[in-house]
Amino acid sequence: MGLYLSAAISGIAVGLLYGMIGFAIVMLYKSTGVANFAQGTLATVGAFAAWSLATSAGVPLPAAIVLALVASGLFGVLVYFVVIRPKASAGNLNITVRTLGLSLLLLAIMEWRWGEMAPYRFPPIVQGKGIQIADVQLTAQTFLTAAVSAGIMILLWALFRFTNLGLSFRAMAEQPETARMLGLRTTRLSAATWGISALLGTVVAVLLAPSAFLAPSMMESYLLFTFTGIVLGGLTSLPGALLGSVIVGILSNVAVVAFSIEAGVLVIFVTLLVVMLLRPQGLLGKVESTRL
Amino acid sequence: MRSTATKKSRFAAVAAAAAIFALTLAGCSSSGGGSEKEKAEVGVRDNVIYLGASNTLSGAGAANCTPVTTGAKLYFEKVNAEGGVAGHNINIEVLDDAYEPARALANMRTFENEKLAVVGACGSATAAAVYKTLSTKGIPYLFPSNGVAEVVNPAQPGIFQIIPLYEDQAATLIRYGFNEDGPGSVFVVANPLGETETAIANAEKAAKDLGGSFTSSVVTALGTPDYTPVALQIKKAAPDYLVLSMGGSDVAKLVNVLIEQDAMPTKLILATTSGVTGAFLSSYNKAAADKVRMASAIRIPAAPDSECAQLLADTKFAVDPIAIRGCATGQAVVKAIEETKPLTRANLIKTIDGWKDKDISPGVAAPLTYSPTDHIGITQLFMVQPDGTEFKTVATCPYGETAADQGDCSPS
Numbered sequence: 001m002g003l004y005l006s007a008a009i010s011g012i013a014v015g016l017l018y019g020m021i022g023f024a025i026v027m028l029y030k031s032t033g034v035a036n037f038a039q040g041t042l043a044t045v046g047a048f049a050a051w052s053l054a055t056s057a058g059v060p061l062p063a064a065i066v067l068a069l070v071a072s073g074l075f076g077v078l079v080y081f082v083v084i085r086p087k088a089s090a091g092n093l094n095i096t097v098r099t100l101g102l103s104l105l106l107l108a109i110m111e112w113r114w115g116e117m118a119p120y121r122f123p124p125i126v127q128g129k130g131i132q133i134a135d136v137q138l139t140a141q142t143f144l145t146a147a148v149s150a151g152i153m154i155l156l157w158a159l160f161r162f163t164n165l166g167l168s169f170r171a172m173a174e175q176p177e178t179a180r181m182l183g184l185r186t187t188r189l190s191a192a193t194w195g196i197s198a199l200l201g202t203v204v205a206v207l208l209a210p211s212a213f214l215a216p217s218m219m220e221s222y223l224l225f226t227f228t229g230i231v232l233g234g235l236t237s238l239p240g241a242l243l244g245s246v247i248v249g250i251l252s253n254v255a256v257v258a259f260s261i262e263a264g265v266l267v268i269f270v271t272l273l274v275v276m277l278l279r280p281q282g283l284l285g286k287v288e289s290t291r292l
Numbered sequence: 001m002r003s004t005a006t007k008k009s010r011f012a013a014v015a016a017a018a019a020i021f022a023l024t025l026a027g028c029s030s031s032g033g034g035s036e037k038e039k040a041e042v043g044v045r046d047n048v049i050y051l052g053a054s055n056t057l058s059g060a061g062a063a064n065c066t067p068v069t070t071g072a073k074l075y076f077e078k079v080n081a082e083g084g085v086a087g088h089n090i091n092i093e094v095l096d097d098a099y100e101p102a103r104a105l106a107n108m109r110t111f112e113n114e115k116l117a118v119v120g121a122c123g124s125a126t127a128a129a130v131y132k133t134l135s136t137k138g139i140p141y142l143f144p145s146n147g148v149a150e151v152v153n154p155a156q157p158g159i160f161q162i163i164p165l166y167e168d169q170a171a172t173l174i175r176y177g178f179n180e181d182g183p184g185s186v187f188v189v190a191n192p193l194g195e196t197e198t199a200i201a202n203a204e205k206a207a208k209d210l211g212g213s214f215t216s217s218v219v220t221a222l223g224t225p226d227y228t229p230v231a232l233q234i235k236k237a238a239p240d241y242l243v244l245s246m247g248g249s250d251v252a253k254l255v256n257v258l259i260e261q262d263a264m265p266t267k268l269i270l271a272t273t274s275g276v277t278g279a280f281l282s283s284y285n286k287a288a289a290d291k292v293r294m295a296s297a298i299r300i301p302a303a304p305d306s307e308c309a310q311l312l313a314d315t316k317f318a319v320d321p322i323a324i325r326g327c328a329t330g331q332a333v334v335k336a337i338e339e340t341k342p343l344t345r346a347n348l349i350k351t352i353d354g355w356k357d358k359d360i361s362p363g364v365a366a367p368l369t370y371s372p373t374d375h376i377g378i379t380q381l382f383m384v385q386p387d388g389t390e391f392k393t394v395a396t397c398p399y400g401e402t403a404a405d406q407g408d409c410s411p412s
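Chains A and B are the protein sequences, given in the same order.
Mind the numbering: the first sequence is residues 1 to 292 in the working numbering, read in order.
Mind the numbering: the second sequence is residues 1 to 412 in the working numbering, read in order.
Worth flagging that the hints you see were computed from the coordinates, not collected in a lab.
In this text, a Cβ means the ideal position worked out from N, Cα and C, and glycines have one as well.
Keep in mind that the hints are not guaranteed to be accurate.
Quick list of in silico lysine to any residue cross-link-like pairs, SDA-like style, CA-CA up to 25 Å [claimed, not checked]:
(1) K236(B) - E116(A)
(2) K78(B) - N91(B)
(3) K78(B) - E116(A)
(4) K129(A) - K267(B)
Rough simulated footprint, nothing fancy, chain B against chain A, three-plus residues with beta-carbon under 8 Å [to be verified]:
(5) 212-221
(6) 257-267
Whenever a hint applies, use it, and build me the whole structure from the sequences.
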């Protein structure tokens, strides 16, 4: 029993990481209606930026991370203007496919620039043994991840729930034309959303990289579980993204120790299928209705 | 006016001359006759020997594989700068297969009619995809890094390997470990680099035959992002020895998590040659160094006066074990070419088939021995231990697939 409890606890830790990636995706979806398949590669580009500054340019790691976050935010804005905004009337499906193309392009560029000697060791942001619960050691890095995850979730939830800015984002996602006619600066809001989303992705990547090792395809295996988590929790719900991701982390880790690595993946997708059949909007998502 | 008889005889003479000319042309272009010279020229023309390599230059395994062909290329460039081999320069074309079997096979089709031999690739799945095609067509496939048994067992014409199969290294590793620290319980973790079930079964047999016990095993995907669940299983099992058949960065990830989770085995971590990579050295937690031993096909560091050490000294690959192995592969290829006269694919294969204790890379690799029924050349493995950002050789162990060929290791 101790082994399964330990696996579940470590699953919560990895689920928090999935959840943070999910925040960025859900935030973008809530604001723009677009599911961003380039979230992982945008995040990895940001992590490589921080790593390059710290190792090649000799910038202290905390400063390198801050600079990389700023650069990521700006890059996200650039992506919006260059890839997303042109012919926006083509529809969300078209734009979603563009994000897939962007992901492949960024991956190819990273492979060309850094692929040969990947993976790279990314310095840990915090060090320390942490505490032991059951048989699992929760390290200082794990607690940092949990703290950052909680902080981001609260901030974003409060942003969307209590602020005019958040209301503007939601209005823009649901009725972009109406929002524009009512005077909302939808272009600026969209650009800001993309910038924030890219920045959030980089936060996750620099937290992940010390244990996952930095490589162009670092985020790929996480994205699969992340998308599962946010669909499970509800694509329009930030708390749902976190809940779904934590459930995915727990189920996956427990299945791995109980059965095998392959079982970990199987259990996740069976769970997703069941939830989609019984509750299509996800655990915490809202049923979407359209006025005819 | 000429007579009809004269016209007819002229016509017959012209027709006969045309027929002789046509027959001569046919004889020259057939694959039979003027053919020995033509066969020798596949991949050998204009004083250049053309070689091909299909390697994992992108994707998850790139860091573990790219240095192989880089090391070989650097050695060929050195040979060319010194006048070439047998009056020929060596030209090697390296194509990326991204560790995808279909791409590797497509690369072989590119090489088929252009290259003398295919050299030094990296990756079991890709080797398994291409060896039959190469063997059937008589194209030498020289010294790939491969863990799939059917590629070399039974010996396939033209397919020569230096490194033993990962599943056969477990016995040597466990014997070394038990000699060092006494018999104990063994837990195995494997990436699918070859026949994982056979690797696990061999480890279990070796552990029991040598007076120890077998605890359990786990198979994980190459590039698994989070090894915490595996570490928890190992912690619960509390083995004396951990035997790993994994890629270098996966070994590093697992070792790091084992330290984080206080789950290190009580005695040693023993890893196959697949873990001996620069990617491991740059990523592992140095606190684990005392407990990690890995099997290596080459002595590390290479002897300072060895050709490969001197060649790589001023490059970023100076201490990269994969690049050193690639350089040694290049030396083996050049040695084989030098000894083959006339230089044809078939003769190249015969040359290597006849190697007995051939010292292809003094100060780096152990001598190689091949025969028509045994195409794994190595007869001893080096045991290496990480030492900061380098490896150091701590023992030399006789390697054999049967217990009779194995023996105790001697310290270096």
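Structure-based check of all given hints:
1. Restraint check for K236(B) and E116(A): not satisfied, since their Cα atoms lie roughly 37 Å apart, outside the 25 Å limit.
2. With a CA separation close to 12 Å, the supplied pair K78(B) and N91(B) stays within the 25 Å bound.
3. With a C-alpha separation of about 23 Å, the suggested pairing of K78(B) with E116(A) holds against the 25 Å cut-off.
4. Proximity of K129(A) to K267(B) is assessed by CA-CA distance (about 22 Å); at most 25 Å being required, the pair is judged to hold.
5. Check on the region 212-221 of chain A: 6 of its residues sit with their Cβ under 8 Å from a Cβ of chain B, so the three-residue criterion for coverage holds.
6. Under a criterion of three residues with beta carbons nearer than 8 Å to beta carbons of chain B, the stated coverage of the region 257-267 of chain A is upheld, 4 such residues being counted.
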